[in-house]
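K.L.:
In order, the protein sequences belong to chains W and U. So the first sequence is numbered by the numbering used here: it starts at 1 and just counts up by one. So the second sequence is numbered by the numbering used here: it starts at 1 and just counts up by one.
Please keep in mind that the hints were generated in silico from the structure rather than gathered at the bench.
Each computed DSSO-like pair below joins lysine-lysine, with the alpha-carbon atoms no more than 27 Å apart: (1) 89/U - 283/W; (2) 34/U - 89/U; (3) 359/W - 283/W; (4) 287/W - 89/U; (5) 170/W - 160/W; (6) 276/U - 164/U; (7) 359/W - 287/W; (8) 287/W - 302/W; (9) 338/W - 321/W; (10) 276/U - 287/U; (11) 163/W - 89/U; (12) 160/W - 89/U; (13) 89/U - 170/W; (14) 359/W - 288/W; (15) 338/W - 302/W.
Remember, it's a predicted structure, so these values are computed and weren't measured experimentally.
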Amino acid sequence: MMIEVLFVLIVTAMATSLLGVFLVLRGMAMVTDAISHTILLGIVLAFFITNDIRSPWLIIAASLVGVLTVYIIELVSQTRLIRQDAAIGFVFTALFAVAIILVSKYAGDVHLDMDVVLMGEVIFAPFNRIEIFGLSIPNALWQLSIILLINIAFVLLFYKELKITSFDPKFAYIAGFSVAFIHYALMTLVSVTAVAAFDAVGSILVINFFVAPALTAYLLVRRMGTMIILALSFAVLNSVAGYYTSLYFDLSVAGTTSFIALITFMIVFLFNSNGWVSSFVQKTRQKKQFNRAMILMLLNEKSHESLTQEEIMSHFNLTPKRFNRHIDHLLMNEYIEKHNKNYRLTQRGVEFTHYTRIKYELPEMNDHY
Amino acid sequence: MIDILSGYTFLIVAFGTVILAFASGIIGTVSVIKGQSLIGDAVGHATFPGIVIAFMLVGIRDTLSLALGALILGIVAFLTIQLITEHSKITLDSALALVLSSFFGLGMALMSFVQGNPDFDGTQGLSDYIFGQAAYMLRSDVYLIIAASILSLLIFSLFYQQIKIYIFDPIYSRSIGISNPLMNFMVLAITITLIAVGLKAVGAILIVNLLIAPAVIGQLWSDRFLNVLLIAGTTGAIAAFIGTYISTAGDDIATGPAIILVLSAFVVFSMLFSRKGLLRRSIHRRKFGERT
Numbered sequence: 001m002m003i004e005v006l007f008v009l010i011v012t013a014m015a016t017s018l019l020g021v022f023l024v025l026r027g028m029a030m031v032t033d034a035i036s037h038t039i040l041l042g043i044v045l046a047f048f049i050t051n052d053i054r055s056p057w058l059i060i061a062a063s064l065v066g067v068l069t070v071y072i073i074e075l076v077s078q079t080r081l082i083r084q085d086a087a088i089g090f091v092f093t094a095l096f097a098v099a100i101i102l103v104s105k106y107a108g109d110v111h112l113d114m115d116v117v118l119m120g121e122v123i124f125a126p127f128n129r130i131e132i133f134g135l136s137i138p139n140a141l142w143q144l145s146i147i148l149l150i151n152i153a154f155v156l157l158f159y160k161e162l163k164i165t166s167f168d169p170k171f172a173y174i175a176g177f178s179v180a181f182i183h184y185a186l187m188t189l190v191s192v193t194a195v196a197a198f199d200a201v202g203s204i205l206v207i208n209f210f211v212a213p214a215l216t217a218y219l220l221v222r223r224m225g226t227m228i229i230l231a232l233s234f235a236v237l238n239s240v241a242g243y244y245t246s247l248y249f250d251l252s253v254a255g256t257t258s259f260i261a262l263i264t265f266m267i268v269f270l271f272n273s274n275g276w277v278s279s280f281v282q283k284t285r286q287k288k289q290f291n292r293a294m295i296l297m298l299l300n301e302k303s304h305e306s307l308t309q310e311e312i313m314s315h316f317n318l319t320p321k322r323f324n325r326h327i328d329h330l331l332m333n334e335y336i337e338k339h340n341k342n343y344r345l346t347q348r349g350v351e352f353t354h355y356t357r358i359k360y361e362l363p364e365m366n367d368h369y
Numbered sequence: 001m002i003d004i005l006s007g008y009t010f011l012i013v014a015f016g017t018v019i020l021a022f023a024s025g026i027i028g029t030v031s032v033i034k035g036q037s038l039i040g041d042a043v044g045h046a047t048f049p050g051i052v053i054a055f056m057l058v059g060i061r062d063t064l065s066l067a068l069g070a071l072i073l074g075i076v077a078f079l080t081i082q083l084i085t086e087h088s089k090i091t092l093d094s095a096l097a098l099v100l101s102s103f104f105g106l107g108m109a110l111m112s113f114v115q116g117n118p119d120f121d122g123t124q125g126l127s128d129y130i131f132g133q134a135a136y137m138l139r140s141d142v143y144l145i146i147a148a149s150i151l152s153l154l155i156f157s158l159f160y161q162q163i164k165i166y167i168f169d170p171i172y173s174r175s176i177g178i179s180n181p182l183m184n185f186m187v188l189a190i191t192i193t194l195i196a197v198g199l200k201a202v203g204a205i206l207i208v209n210l211l212i213a214p215a216v217i218g219q220l221w222s223d224r225f226l227n228v229l230l231i232a233g234t235t236g237a238i239a240a241f242i243g244t245y246i247s248t249a250g251d252d253i254a255t256g257p258a259i260i261l262v263l264s265a266f267v268v269f270s271m272l273f274s275r276k277g278l279l280r281r282s283i284h285r286r287k288f289g290e291r292t
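Given the sequences, and given the hints that come with them, work out the whole structure.
P.N.:
See below:
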């Protein structure tokens with residue numbers, strides 16, 4: 001039964017991160033934050049009407065409220081009275097406040113616990129089961145699997161449209177693509193997926209499931225196709241790692257998975273080929289190489305053919321430690337040689353400076369200069 | 001009505017929320033003008049693990065230590081956001097969503113650890129910090145809010161000129177020797193402090209409204225920075241008072257959401273009827289026959 005939890009987690013992560021790629025590319029990550037909070041209002045309203053926490057109307061109503069949230073935010077920011085980020089922050093908190101008041105006022109004694117809605121707990125997923133073709137399957141698993149399939153179908157069907165509207169909305173509009181249709185279709189799916197996932201991972205962590213794998217993939221690649229595949233892989237990786245970590249330490253599964261997603265992101269952020277660490281390493285290496293080349297260039301000049309340690313050090317303002325490190329390297333590679341107290345270029349060093357001049361298109365040193 | 005207004009609980013709660021809303025309105029204006037309104041949202045969520053860690057270390061639900069924990073984790077979250085946005089192609093809103101949700105996830109993981117552990121007790125109330133429980137505010141909580149608010153306003157007014165220049169002309173401000181990163185950090189630190197002390201009153205999710213909505217109202221009524229600040233602070237305070245009154249008068253209405261709804265009503269009103277509002281704009285348009 002516990003392994004079912006892992007399956008629910010993986011399916012959720014895949015369904016959300018697939019759409020997350022487009023949200024990230026469109027700069028709509030925080031809109032997801034707004035949606036994931038306001039769907040609560042839809043759930044509460046539908047619950048008051050149907051009085052059944054498992055009614056499919058809950059999903060429909062919640063998704064409608066999610067799309068409505070996006071619409072209201074756009075309406076408000078289109079008046080140009082309020083900036084978009086302020087509009088997001090003000091609209092979703094207002095709708096969320098309505099939902100909280102409704103819950104605390106009218107649903108106090110019914111089973112609509114705020115903590116569960118907000119936090120979710122995937123551990124409980126296997127308890128709500130359904131029989132399909134004689135097989136007992138957790139509710140969340142088949143619901144999310146269907147949604148995953150719908151999301152995949154959507155992405156495959158509208159791949160080209162999604163790509164063009166994400167990268168160049170203006171061109172897409174001129175070229176006659178229905179930007180609005182793709183936008184609202186995407187937002188509807190985001191809402192539906194968020195509603196289905198809130199049971200398992202809660203309405204706040206679902207944001208993480210949407211954006212974290214997509215952002216990690218975004219650090220590594222620029223092509224949309226590869227980004228999708230990478231995002232899905234990171235989604236599965238985070239889920240598996242999060243699941244086993246939480247099992248080992250007896251922690252909240254969704255919470256642990258979300259934090260592991262940040263760790264995955266930070267590892268990629270720090271260590272990828274243009275990441276923070278490698279660019280730092282590259283910079284120091286370049287600096288070192290440049291310093292060494294400069295020492296050789298100096299020794300290549302007619303008037304400086306043979307210099308003492310002090311002369312080189314004062315010329316480049318080097319500390320003895322730095323000087324020794326550069327000189328040892330140059331001596332070891334036989335670019336220079338030491339005569340008594342003076343350093344001068346070897347044949348190899350002369351050749352090196354020659355090619356360096358060609359490489360940087362510097363004028364050749366004239367012997368009669 | 002008079003009964004409620006002179007009730008002890010009401011006075012305590014109202015005093016706390018009004019002062020908090022006044023300070024948040026003023027400080028929040030800076031973030032809104034800089035286009036960083038949602039940093040408050042991210043930081044608000046990120047305070048959750050701070051609260052749990054503080055609880056784990058101290059062992060009791062003492063408001064001051066919980067607020068300190070919230071403050072520290074809020075700053076860590078902010079620095080993480082800054083690190084990510086400055087050293088990669090990730091945009092601010094993506095970084096916010098990522099940090100917000102994963103820090104919240106860490107909070108949940110730690111929370112489940114605390115709840116499953118017999119060494120800790122009295123954890124039931126911890127999730128109140130997400131929604132706020134103004135009705136249970138103590139005198140000491142209000143003192144903390146007053147102290148933090150006064151300190152924030154004091155720092156703000158001391159650096160008023162620098163902050164103003166930094167907001168509207170970052171290049172000029174750098175050229176006259178104001179450190180923009182330092183200003184940014186200072187404003188954010190004040191914001192995070194207010195969030196940390198305001199958690200009990202309005203909760204981690206709704207406090208972002210307290211930071212944004214008054215600023216929006218202020219901007220709709222005026223173009224002068226000082227006026228925007230004053231309008232923001234005042235409307236925040238008025239909304240806090242009305243909201244607290246409504247929540248005390250009607251039963252089972254939480255204080256935080258009530259304040260937020262009053263504020264939101266103010267925003268909608270301002271959007272329609274303010275100096276730059278939609279109504280004036282459409283009248284203006286009809287008069288001059290402008291079509292856009």
